[in-house]
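Asker: Start from the sequences and build out the full structure, keeping to the hints where you can.
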Amino acid sequence: MPTNPDPDPADDAAPESGALPSILGGMSPDELFARGMQSVRMTGGGSLQSWEPPSVKEAENLFPNYEISEMIGRGGMGVVYKGRQTALDRVVAIKLLPLEVSIDRDFGERFVREARTMAKMNHPNIVSVFDFGNTTEGHLYFVMEFVEGTTLHHLIKSVGLKPVQSLELIVGVCEALQYAHSEGVIHRDIKPANILVDMKGRVKVTDFGLARMDTAKSPEQWGQTMTGMVLGTPDYMAPEQKKGIRVDHRADIYSMGVMLYEMLCGEIPAGIFDPPSQRVAVDERIDQVVIRAMQQEPDRRFTSTGEMQTAVENIRNTPFPQKPASTAATAIGSVGAQSTVVPPPGTMQSPAQTAYAPAPRHHAPIGTFIAAGCAVIAVGIVAWKEFRKPDPVINPATPAPIVAAATPEPKVDPVKVEPEAPKVEPSIAAATPAPPMATPAPLLAAATPVPMEKSHEPVAPVPAPPTERPVAVAQIPVVPVQRNNQILPPQYGAPRVTGITPPVAIAPPPVFDPPPENTGTPLLANDWSALVASGDNLMRRRQTDDAIDAYYQAIEIAQSNPKGVSAEQFGRVCMSLSSLQLQNGSQPEAKRTLIEGRRFLMTNKGSAATIQQIEGLLRKLQKE
Amino acid sequence: MSSQVENPTIIRNPNRSLWQAAVAGHRAELGQLAARCWPPVYVWMRVGGAEPEEAAQRTEDFFARLQTVDLPRPEEEDTAHFQEFILHRLGAYAEAGFPAADITTQAAASLVIDRAKAEKRFGQEPSNRSMDDLFSRRWALTTLEATLEALRQEYAGEGKEKIFPFLPQFLSFSGGEERYVEVAPKAGLSVSALHVTVFRFRQRYRDVLRRFVGDTVQDENDVDSELTKLLVGAS
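In order, the protein sequences belong to chains W and V.
Under our numbering, the letters of the first sequence match residues 106 to 729, in that order.
Under our numbering, the letters of the second sequence match residues 1060 to 1294, in that order.
Warning: the hint list may mix true and false statements.
The list that follows gives simulated cross-link-like pairs (lysine-lysine, DSBU-like), each with its CA atoms no further than 35 angstroms apart [said to hold, decoys possible]:
#1 V:LYS1179 <-> W:LYS725
#2 V:LYS1219 <-> W:LYS162
#3 W:LYS305 <-> W:LYS225
#4 V:LYS1176 <-> V:LYS1245
#5 V:LYS1221 <-> V:LYS1176
#6 W:LYS728 <-> W:LYS710
#7 W:LYS725 <-> W:LYS162
#8 V:LYS1219 <-> W:LYS710
#9 V:LYS1245 <-> V:LYS1221
#10 V:LYS1179 <-> W:LYS728
#11 W:LYS710 <-> V:LYS1176
#12 W:LYS725 <-> W:LYS668
#13 V:LYS1179 <-> W:LYS162
#14 W:LYS162 <-> W:LYS305
#15 V:LYS1176 <-> W:LYS725
#16 W:LYS710 <-> W:LYS668
#17 V:LYS1245 <-> V:LYS1219
#18 V:LYS1176 <-> V:LYS1219
#19 V:LYS1179 <-> V:LYS1245
#20 V:LYS1179 <-> V:LYS1219
#21 V:LYS1221 <-> V:LYS1179
#22 W:LYS668 <-> W:LYS162
#23 V:LYS1245 <-> W:LYS162
#24 V:LYS1176 <-> W:LYS728
#25 W:LYS162 <-> W:LYS225
#26 W:LYS710 <-> W:LYS725
No wet-lab data here; the hints were simulated from the structure.
Answerer: Next up, the structure:
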């Protein structure tokens, strides 16, 4: 970009083929059009966006009162730095938004609202906000507590959680939300990615960006924007929230029910789903907690998070009713029509209203993981979601380069390695095997050693949830959220489906061999080939979200170091990723992915055939 | 792009885009769109095999007919997006054998393209792309040129013509504080004043670009998707 403008630029461009003529000079059309887009739409593109955040050195100029040590996360919609507030000698995390986003009034208001809401709250289970404002350049930023740890989402997807751990963590969330609700604040975007777990195993709720005061009276105040959009994360949103009608604190309770189920079972409940006790060996009373929290009608849910907390505490503090081990084993092993529970209407049916008998979770228990002497690599995680990879334009940089490994010799990001395993409190980090199921167990923890089906499967690197960023959901009428793997199982009692019509995809469905029983190994997050292989494996297993995540990371690595990457392979990854994005219903992201693939191929001398293939897909996408 | 770029019509008529008005039968608005959007049509003609003069004449004839005998027919066509409409009509025009506009028609439409400029621009087009691809690319770039040209004229009208040439570079997402430090003395501004100027320029740029794009769609809610389409087309 020239800093000395041509005094008469019109029509004097270099004559080489393809050069931008005239007044456009050497500017990128991508950037020029991106400048015209509503910034809120830029949240989906993630790392595929062209925004280049300030370097650490540049950030130091922006924040003269802080020593910036490193960038701990970045994406299309923002960047997070770790720094030290020199006057107070306090380690902080600084969240900075791109200038073009900062000047967007709507987004800026949401950002400030988040900061103010968080700043008002003072609770050990809520991330503290110390300061916020605008930099000299106009970026919005806020400074907040630096949490050394990881996200609940990462724990669920990497090492998994034992039921006893899940209950302990959910109690912490209940406490945080009980406090927030008592202050008149509804979070509205409760999900595992918004729950941080520090090195002591304490939860910290973050990202009140969608929060509203409970006194809101207008649709705008409830979170519905003037353009008919509703903000939130579809998988965790209460039905009334999806409809854009008024929500209260019970929307958070619904989200907690979804989250608790995911913590216990490793998957989000969708359609008609098995209660937790039929998926994993847990007290059946937990089923009632989940069921009640997830009632379609707010009036039928817990009246408060405190009540939910009490219910959970009662389970934690009373003996686990005896349940024959064979029963549990049968339940776990017979996922499908026979074991699927069809609940009464409005009880155990997700908003998607789709039959679903989910596959057993695939994770290694955290206890096993820790007992093996592996360090969970913990990094400062900050309130972050919509930053990631980003979105609508945006989606993705990883929120933070988290690496978790379930092997004795985990590969970790050397920058992020902690010298010791996290000091998790006893009940969280319990490495001692609990009594076997056949032994009467006084506590729920006794049920956890029951082996889970496919527990031997490798742990795929899941650094961040691609679908968990806050998204703008086109509203009213509500369109059921369809996760790719939800359409597979037959509905209970219905004939087994033999043919599935896949979602429309611009790329022909990849032909894969049957999923291997045990493939993949724990990976370095900065390993292009490994991430691509992981993405391919996850795609074979139809773990769409995780596959997208792996591909996103791979693309990010390729963008930062294109020399080590085959242009052809990059193009293929982009085509696969765009296909998955289309399956998830995100055409804009699919387009951006393809555009990025084409750009990369053209820049790095990819073959004309691959470029044409991508262009063909783009044209097809445009027509659709 | 013509040196006399009009400001987007939406500024004057916030309730209706040019294309919306054109579809409703307002020929003047259709003429304004033609004045903005002829470069991609010329490129399309040239890539299709027409010689320079022939392409220029066909372009003029095409728009002349469009404003007189071949007016948009909303009841028969998908007129949501002007770009798609034009591309569709070009196909029909070619199938019809590129009929010329008669004298009366030509008189009714005043578009006369700058042949030298058109040909010079055509010489800069990539050589390995299809007609439709080049049409889309030129359409997108023309939109950007028009936006910046409108801004240039706007700044000139406000006596800020000297500062304007330094501003478009700040539309890029790259570069940090040092660029401000470097540019400020050349622009005769303090660094903080340059920050403010850039901030306003970016806002104004977005407004103008969105309005130019908005002029080519019937539903203003389509502007973002149209921008995405343009972004794709420009690549």
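Asker: Work down the list of hints and note, for each, if the structure agrees.
Answerer: Against the structure, the hints:
Taking the CA atoms of V:LYS1179 and W:LYS725, the gap is near 32 angstroms; set against the 35 angstroms cutoff, the hint holds. Between the alpha carbons of V:LYS1219 and W:LYS162 the distance comes to roughly 33 angstroms, so the proposed pair stays at or under 35 angstroms and holds. Restraint check for W:LYS305 and W:LYS225: the C-alpha separation of about 25 angstroms stays at or below 35 angstroms, so the hint holds. With a C-alpha separation of about 31 angstroms, the suggested pairing of V:LYS1176 with V:LYS1245 holds against the 35 angstroms cut-off.
A threshold of 35 angstroms between alpha carbons decides the hint, and for V:LYS1221 with V:LYS1176 the separation of about 25 angstroms falls inside it, so the pair holds. Straight-line distance between C-alpha atoms of W:LYS728 and W:LYS710 comes to about 28 angstroms, which keeps the hinted pair within the 35 angstroms bound. With a C-alpha separation of about 43 angstroms, the suggested pairing of W:LYS725 with W:LYS162 is violated against the 35 angstroms cut-off. With a CA separation close to 43 angstroms, the supplied pair V:LYS1219 and W:LYS710 exceeds the 35 angstroms bound.
Distance check on the hinted pair: V:LYS1245 and V:LYS1221 sit about 10 angstroms apart at the alpha-carbon level, within 35 angstroms; holds. Distance check on the hinted pair: V:LYS1179 and W:LYS728 sit about 31 angstroms apart at the alpha-carbon level, within 35 angstroms; holds. The straight-line distance between the Cα atoms of W:LYS710 and V:LYS1176 is roughly 32 angstroms, inside the 35 angstroms bound, and the hint therefore holds. This hinted pair checks out: W:LYS725 and W:LYS668 have alpha carbons roughly 30 angstroms apart, not beyond 35 angstroms.
A C-alpha spacing of about 44 angstroms is found between V:LYS1179 and W:LYS162, which places the hinted pair above 35 angstroms, so the restraint is violated. As the CA atoms of W:LYS162 and W:LYS305 are separated by approximately 32 angstroms, the hinted pair is consistent with the 35 angstroms bound. The hinted pair formed by V:LYS1176 and W:LYS725 meets the criterion: a straight-line CA distance of about 33 angstroms does not exceed 35 angstroms. Simply put, W:LYS710 and W:LYS668 have alpha-carbon atoms about 11 angstroms apart, close enough for the 35 angstroms limit, and the pair holds.
In summary, the hint linking V:LYS1245 to V:LYS1219 is supported, as the alpha carbons are separated by about 14 angstroms, within the 35 angstroms threshold. Note on V:LYS1176 and V:LYS1219: the hinted pairing holds, with a Cα-Cα distance of about 27 angstroms set against a maximum of 35 angstroms. Proposed proximity of V:LYS1179 and V:LYS1245 is supported: the alpha carbons are some 31 angstroms apart, at most 35 angstroms. A distance of roughly 29 angstroms separates the Cα atoms of V:LYS1179 and V:LYS1219; the hinted pair therefore holds under the 35 angstroms criterion.
Straight-line distance between C-alpha atoms of V:LYS1221 and V:LYS1179 comes to about 27 angstroms, which keeps the hinted pair within the 35 angstroms bound. With a CA separation close to 25 angstroms, the supplied pair W:LYS668 and W:LYS162 stays within the 35 angstroms bound. The hinted pair formed by V:LYS1245 and W:LYS162 meets the criterion: a straight-line CA distance of about 24 angstroms does not exceed 35 angstroms. Straight-line distance between C-alpha atoms of V:LYS1176 and W:LYS728 comes to about 32 angstroms, which keeps the hinted pair within the 35 angstroms bound.
Note on W:LYS162 and W:LYS225: the hinted pairing holds, with a Cα-Cα distance of about 31 angstroms set against a maximum of 35 angstroms. Taken as a hint, the W:LYS710 and W:LYS725 pair is honoured in the structure, with Cα atoms around 24 angstroms apart against an allowance of 35 angstroms.
Of the numbered hints given earlier, the model fails hints 7, 8, 13; all others are met.
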